[in-house]
Amino acid sequence: MSITTLKINGQDVVTESGKTVLAAAKEAGIPIPTLCHLEGISEAGACRLCAVEVKGTPKLMAACVTTVAEGMEVETHTPKLQDYRRMIVELFFTEGNHVCSICVANGNCELQDAAIEVGMDHSRFNYRFPDRGMDLSHSQFGIDHNRCILCTRCVRVCDEIEGAHVWDVGNRGEACYIISGMDQPWGEVSACTACGKCVDACPTGAIFRKGTTTGEKQGDRAKLEFLVNAREKQEWSR
Amino acid sequence: MSKIRFATVWLAGCSGCHMSFLDLDEWLIDLAAQVEVVFSPVGCDLKDYPENVDVCLVEGAIANEENLELIYHVRAHTKTLISFGDCAVTANVPAMRNMLGGAEPVLKRAYIELGDETPQLPNEPGIVPELLDQVRPVHELVPVDIFMPGCPPSAERIRATLEPLLRGEMPVMEGREMIKFG
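Protein chains in written order, with this note's numbering: chain A, 112 to 349; chain B, 252 to 433.
For reference, chain A alone in the conformation it holds in the complex (with noise of 0.2 Å):
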């Protein structure tokens, strides 16, 4: 094993070479916020909320798709990143339409936790209040794209975990919206297994159980981890 040593936030970190910056974080004990990275599935990249300042480079580095080198200086709690990560929180709350009063993750919600972590009492930016929809043609499950901030949790663990690869990212920009099918109703994608997984993986109400009401969706991250964890490790209990 190839070892590469770098320094965060001036505290030198030795770790496995190839890993990424926010696993070497993680390992020397410095939390840096994340969103779209979930244990167990691969690094997408989309939230930003991650993004750090590595010495040499004006330009922010996502973490959790940064590979670490040998010699990096990296930091992850500047002044200018937690202005931006609290604006990158604010971008997400008003881009779609999340009501947390009336949601099925108030509460147990990542991206509720991340406005309290960024110090978000308000948003500086104008809500959009998008017209978006929701599907409820499934029998167990629903999607509200309302509460959806594009993470492509669901679609990485429903094609890399499940092996169903229901979901996919339609449109672009602000158009974007996470697909079922080939866009059919998630009711009639005959690919759909029913295993739940994308409601366990998914950050925020937007998929969920039906029946379930306010604040009572606990979505079980760990779960995902674990099964990774049996198949490759042959670790079978947690």
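Treat the hints loosely; a few may be bogus.
Unchecked claim - Reference listing, derived: stretches of chain B covered by chain A, where coverage requires no fewer than 3 residues with Cβ under 8 Å from a Cβ of chain A:
id	region
1	334-340
2	345-351
3	395-404
4	419-430
Please keep in mind that the hints were generated in silico from the structure rather than gathered at the bench.
The beta carbon of each residue, even a glycine, is placed where N, CA and C say it ideally should be.
Put chain B on the given structure of chain A with help from the hints.
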């Protein structure tokens, strides 16, 4: 020193924030000793918002002409304006009608399509305030000094916001106890 002139107003919201304010229970007696309540749907019987108000809790979003007129008046006559609860801070549930477009489709949906008997649009100029096309949070229309999210903010959060103000300090709005939405 003269007492702090304190007000609360209720715009487009369900009054849940005011109910949560009443949940302050016996601390309301301490509060009453330190402030003069000059305008409030739950604490005062005056109908006109006065001048020289020190602190005002504003519940609710801006949804109609009356809300708009009142918030401009409140801002002009208040030193510290607090967006009180999610409707004031984010426009929250009242703003869910924004997804239907303007005021007209909303009124048609509510009063014509869903009207069981004698469906008709409400029309009493000067008495029933006109709906604005879009419901907006308070700070999109006037500057706000303190944001207190929550649906509703708990009595503890309200107290933790008001107590520093009574001492002449600004409250620190940070952490789950103070700024969690919903």
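Given coverage of the region 419-430 of chain B by chain A, checked by CB-CB distance under 8 Å (3 or more) = With 6 residues close enough to chain A, the hint holds.
ask   = Given as covered by chain A, does the region 334-340 of chain B meet the bar of three residues or more with CB within less than 8 Å?
value = Coverage by chain A holds here, the residue count being 3 at a Cβ distance below 8 Å.
key: chain A covers the region 395-404 of chain B, three or more CB atoms within 8 Å, holds or violated   = holds (count 5)
message = At least three residues with a C-beta closer than 8 Å to a C-beta of chain A: is that true for the region 345-351 of chain B?
response = holds (count 4)
The structure fails none of the hints (numbered hints given earlier).
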